[in-house]
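In case you want the letters, here they are:
There are 2 protein chains.
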Amino acid sequence: MSALRVEILNTGSELLLGSVRDAHLSWFGKELFPLGFRIFRQTTVPDGTAIRDALLEAFGRTDVLIVTGGLGPTTDDITRELVAELLGRRLQNHPETLARIQEFCRKRGFAFQPRMERQAMAPEGAKVLPNEYGTAPGLYLPATAGTSRSTPHIFLLPGPPREMQPMARVHVLPTLKELTEQLPGTVRNECRIYRIVGMGESMVESMLGLELSKRGDLEVGYCARPNEVDFRLIAPKELLDEVEPLVLAAVGDHLISEGEESMEDVVVNLLKKSGATLATAESCTGGLLANRITNVPGASAVFLEGFVTYSNDSKSALLGVPSEMISTHGAVSEAVVKAMAEGALRQSGATHALATTGIAGPDGGSAEKPVGTVWMALAAKGHETEVWMESIPTDRLTFKQRVSQSALDRLRKRLKRSAP
Amino acid sequence: MSALRVEILNTGSELLLGSVRDAHLSWFGKELFPLGFRIFRQTTVPDGTAIRDALLEAFGRTDVLIVTGGLGPTTDDITRELVAELLGRRLQNHPETLARIQEFCRKRGFAFQPRMERQAMAPEGAKVLPNEYGTAPGLYLPATAGTSRSTPHIFLLPGPPREMQPMARVHVLPTLKELTEQLPGTVRNECRIYRIVGMGESMVESMLGLELSKRGDLEVGYCARPNEVDFRLIAPKELLDEVEPLVLAAVGDHLISEGEESMEDVVVNLLKKSGATLATAESCTGGLLANRITNVPGASAVFLEGFVTYSNDSKSALLGVPSEMISTHGAVSEAVVKAMAEGALRQSGATHALATTGIAGPDGGSAEKPVGTVWMALAAKGHETEVWMESIPTDRLTFKQRVSQSALDRLRKRLKRSAP
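Protein sequence lines, in the order shown, are assigned to chains A and B. Its first residue numbered 465, the first sequence is counted upward by one per residue in the numbering used here. Its first residue numbered 465, the second sequence is counted upward by one per residue in the numbering used here.
Quick caveat, the hints were computed from the structure, so don't treat them as lab data. Please note: incorrect hints may appear among the correct ones.
Cut-off 20 Å, straight-line C-alpha distance, at most; resulting in silico cross-link-like pairs (SDA-like, lysine to any residue) [claimed, not checked]: (1) B:591 to B:638; (2) B:494 to A:736; (3) A:571 to B:830; (4) B:833 to A:761; (5) B:494 to B:835; (6) A:641 to B:482; (7) B:845 to A:777; (8) B:877 to B:850; (9) B:494 to B:696; (10) A:833 to A:791; (11) B:737 to B:813; (12) B:641 to B:469; (13) A:571 to B:831; (14) B:877 to B:722; (15) A:571 to B:861; (16) A:736 to A:765; (17) A:678 to B:537; (18) B:845 to B:784; (19) A:494 to B:487; (20) A:641 to A:656; (21) B:494 to A:485; (22) A:571 to B:857; (23) B:736 to A:567; (24) B:833 to A:736; (25) A:494 to A:643; (26) B:641 to A:482; (27) B:833 to A:572; (28) A:571 to B:667; (29) A:591 to A:617; (30) A:678 to B:540; (31) A:641 to A:678; (32) A:833 to B:761; (33) B:641 to B:736; (34) B:494 to A:482; (35) B:571 to B:596; (36) A:571 to B:516; (37) A:701 to A:717; (38) B:833 to A:764; (39) A:678 to A:712.
Predicted model, so just to flag it, every value in this text is computed and none were measured.
Between the sequences and the hints, there should be enough to build the whole structure, so can you do that?
This is the structure we're talking about:
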């Protein structure tokens, strides 16, 4: 790995009050690793002068310091000013940035506030990193050495992840890559992630991880999500290539993707490749299935329509589920989910349709059908409809996520089997 | 607030590699505030000896130190041993804990591993905190003063949130409550959060925040989300009550809620109170609107059905939008969104219907209708349909989030005006 040490400093009282959960550490952890960096410390401090102490401590400890938050227009945003002061640099106007902020406000229909002028100030010697998604630009202050106090490479980035991440991708990661390429003797490890569905973390470990972690030269890691495990291997490329066939053989059909592609990305791509189209009929997932599919750019080429049939009446009126069937079997039943999927197929003219009906909770369960009971179905033109049941007793949001994952996975497997 | 300073130290390489996202800080932040504590710093370090430096730094800085992780049975779990060493305490067997671990394994059907015996060791003078959900017990080491080195109150807790949280609820929070009650002159602050829609962060500041932050006794903070600002005030209850009328007058109709209620919570509650029901007709939001609504427990009482009419054909077939209208005006148009909302109202029999159609991007824009163009409509029985346009050029996911927020807000305002 690189000899450069990276540290992250998150600022913002909302993080320490618990009203916002930090997303920066995990994002940077994932992004920096493939570039050869390990983060060796992360600190959170509230807005205000506590930032000063934390900055000074980090200056003496790290080669690269990434600071998030405190660049906004409000009075509690003082990171820019503190860093300028500690580095003994004057803040200067940056007219290009001011113009950009004014243009940003104009486009979005916000009134430009005089207070935003502060955001167009930059310490002498700083490189301004434009913000495509907000008013606060980022700042890069290259390391100084040999002066009375040497300072690390400092990046000041806005707090909101939707502004920070695109900025970091375009401006921070490439700069860090350059920095580490200048260093001699860096060991180039790679990180390969296998996204796995339908196997628990400990099953992945006993099938694969224990054996592979006996090799001292291979770092093995796991990350569990709702019905998904990221299995992580870190080693030089040659070694990863050598063990990959073992991994693929053990994981088989449970592999969603290698790397960044999510379940919904994979499904949309498979639909495109197969010339297939999709409709959804959702009760308990309440639109999440359609929402995940339409999060993928270009989904409109394959996704025709979705029905969120929450009430019993809507299941009959929109999908043609007979109301006697609902009163006989209940809305959460094999018969109803099958009729929902087939109704969506018929109504939409799509080649494939997914349906879900279940009890998300916290209320609505019974002894016979407890909270967590869910029926799913996959209908496809010219095929028997697949129908299956699962029991997922958990909180409402995790339930919806796991059900949507299971439904998408069934479709993924079907499309893979029939892929041209 | 309490004179006791609280600091959190998270240990675990997985946090710094980004494979796990920390949940402890936000949990403790929310739990400790009502007890009168503020967390003034949080640090993450990898497994291993880096924990030693972080512990020593914290000893000199805080009154209460909460350490998570590193209590497991494997070789990289060394928190217990490091703390004992730094405090000059011997590790002693704790037979009750050993029996409990063996019993835990028996019940869950795990084999007891000899190396789990380490987990039944406790430093002299420590109180053992039983773990109901795992093998690693927690440890509480009360503060020492007047010796060669004074140390804070130290809690060592397991890393997995499902083990840590129940333990902290039963053993840590009550102990902290007792500690702060022994202190004289603790000021009892409260935290009040006003969720605001339709005003940017800097507009909230110029209308309210600047004036209020002139008062030295009132802590003012902001947190920006897609089309939402959390405006935060911290002060004793009397002062918050005194300034609340100012806040409410300035924010007016832009106030979503005070405290924890999200936009969708508020909308579902208003629908219930008004005896109203909802249907949705979504194109560009692709199911997100329905998904947000159905994330609220009990939504089934008011949400009848949702249409995700992604294709032009489905807009005609399901919502009765004339296909000539689509070819004349385009799918993203005033006429079409109005027809969508009115079609959903008619089809569903709901009292209210929301519709969205727009260009989420990254593709599909034109000079006339660039990416980010969106039309929305709110239809209600016996009322003129409201139709409006916005321009939200941003990334696909933020676009969907902002559009859904705008649509829900229009419904919220409508229901509030007509609320009984």
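We went through each hint and held it up to the structure:
For the hint pairing residue 591 (chain B) with residue 638 (chain B), the CA-to-CA distance comes to about 14 Å; that is within 20 Å, so the pair holds. For the proposed pair residue 494 (chain B) and residue 736 (chain A), the alpha carbon gap of about 45 Å is over 20 Å, so the pair is violated. Restraint check for residue 571 (chain A) and residue 830 (chain B): satisfied, since their Cα atoms lie roughly 16 Å apart, inside the 20 Å limit. For a cut-off of 20 Å, the pair hint linking residue 833 (chain B) to residue 761 (chain A) stands: about 18 Å separates their Cα positions.
Between the alpha carbons of residue 494 (chain B) and residue 835 (chain B) the distance comes to roughly 39 Å, so the proposed pair goes past 20 Å and is violated. Between residue 641 (chain A) and residue 482 (chain B) the alpha-carbon distance is near 18 Å, which keeps this suggested pair within the 20 Å criterion. With a C-alpha separation of about 19 Å, the suggested pair residue 845 (chain B) and residue 777 (chain A) falls inside the 20 Å cut-off, and the hint holds. Of the supplied pair hints, the one linking residue 877 (chain B) and residue 850 (chain B) holds, its CA atoms being roughly 12 Å apart against a limit of 20 Å.
Pair hint residue 494 (chain B) plus residue 696 (chain B) holds up; C-alpha atoms about 14 Å apart against a cutoff of 20 Å. With a C-alpha separation of about 15 Å, the suggested pairing of residue 833 (chain A) with residue 791 (chain A) holds against the 20 Å cut-off. The suggested pairing of residue 737 (chain B) with residue 813 (chain B) holds, with an alpha-carbon distance near 18 Å, which does not exceed 20 Å. Restraint check for residue 641 (chain B) and residue 469 (chain B): the C-alpha separation of about 13 Å stays at or below 20 Å, so the hint holds.
Using a Cα cut-off of 20 Å, the hinted pair residue 571 (chain A) and residue 831 (chain B) holds, with the two alpha carbons roughly 15 Å apart. Restraint check for residue 877 (chain B) and residue 722 (chain B): the C-alpha separation of about 16 Å stays at or below 20 Å, so the hint holds. This hinted pair checks out: residue 571 (chain A) and residue 861 (chain B) have alpha carbons roughly 19 Å apart, not beyond 20 Å. With a C-alpha separation of about 7 Å, the suggested pair residue 736 (chain A) and residue 765 (chain A) falls inside the 20 Å cut-off, and the hint holds.
For the hint linking residue 678 (chain A) to residue 537 (chain B), the alpha-carbon distance of about 18 Å falls within 20 Å, and the restraint holds. Taken as a hint, the residue 845 (chain B) and residue 784 (chain B) pair is honoured in the structure, with Cα atoms around 17 Å apart against an allowance of 20 Å. Using a Cα cut-off of 20 Å, the hinted pair residue 494 (chain A) and residue 487 (chain B) holds, with the two alpha carbons roughly 17 Å apart. For the proposed pair residue 641 (chain A) and residue 656 (chain A), the alpha carbon gap of about 18 Å is at most 20 Å, so the pair holds.
A distance of roughly 11 Å separates the Cα atoms of residue 494 (chain B) and residue 485 (chain A); the hinted pair therefore holds under the 20 Å criterion. Proposed proximity of residue 571 (chain A) and residue 857 (chain B) is supported: the alpha carbons are some 8 Å apart, at most 20 Å. This hinted pair does not check out: residue 736 (chain B) and residue 567 (chain A) have alpha carbons roughly 42 Å apart, beyond 20 Å. For the given pair, residue 833 (chain B) sits about 26 Å from residue 736 (chain A) by alpha-carbon distance, which is inconsistent with the 20 Å threshold.
The hinted pair formed by residue 494 (chain A) and residue 643 (chain A) meets the criterion: a straight-line CA distance of about 18 Å does not exceed 20 Å. Of the supplied pair hints, the one linking residue 641 (chain B) and residue 482 (chain A) holds, its CA atoms being roughly 18 Å apart against a limit of 20 Å. For a cut-off of 20 Å, the pair hint linking residue 833 (chain B) to residue 572 (chain A) stands: about 15 Å separates their Cα positions. This hinted pair checks out: residue 571 (chain A) and residue 667 (chain B) have alpha carbons roughly 17 Å apart, not beyond 20 Å.
Between the alpha carbons of residue 591 (chain A) and residue 617 (chain A) the distance comes to roughly 12 Å, so the proposed pair stays at or under 20 Å and holds. For a cut-off of 20 Å, the pair hint linking residue 678 (chain A) to residue 540 (chain B) stands: about 15 Å separates their Cα positions. About 31 Å separates the Cα atoms of residue 641 (chain A) and residue 678 (chain A), which puts this hinted pair outside 20 Å; it is violated. Between residue 833 (chain A) and residue 761 (chain B) the alpha-carbon distance is near 18 Å, which keeps this suggested pair within the 20 Å criterion.
A distance of roughly 38 Å separates the Cα atoms of residue 641 (chain B) and residue 736 (chain B); the hinted pair therefore is violated under the 20 Å criterion. Taken as a hint, the residue 494 (chain B) and residue 482 (chain A) pair is honoured in the structure, with Cα atoms around 5 Å apart against an allowance of 20 Å. Distance check on the hinted pair: residue 571 (chain B) and residue 596 (chain B) sit about 12 Å apart at the alpha-carbon level, within 20 Å; holds. As the CA atoms of residue 571 (chain A) and residue 516 (chain B) are separated by approximately 51 Å, the hinted pair breaks the 20 Å bound.
The straight-line distance between the Cα atoms of residue 701 (chain A) and residue 717 (chain A) is roughly 24 Å, outside the 20 Å bound, and the hint therefore fails. For the hint linking residue 833 (chain B) to residue 764 (chain A), the alpha-carbon distance of about 17 Å falls within 20 Å, and the restraint holds. Restraint check: the Cα-Cα separation between residue 678 (chain A) and residue 712 (chain A) comes to about 18 Å, which is no more than 20 Å; the hinted pair holds.
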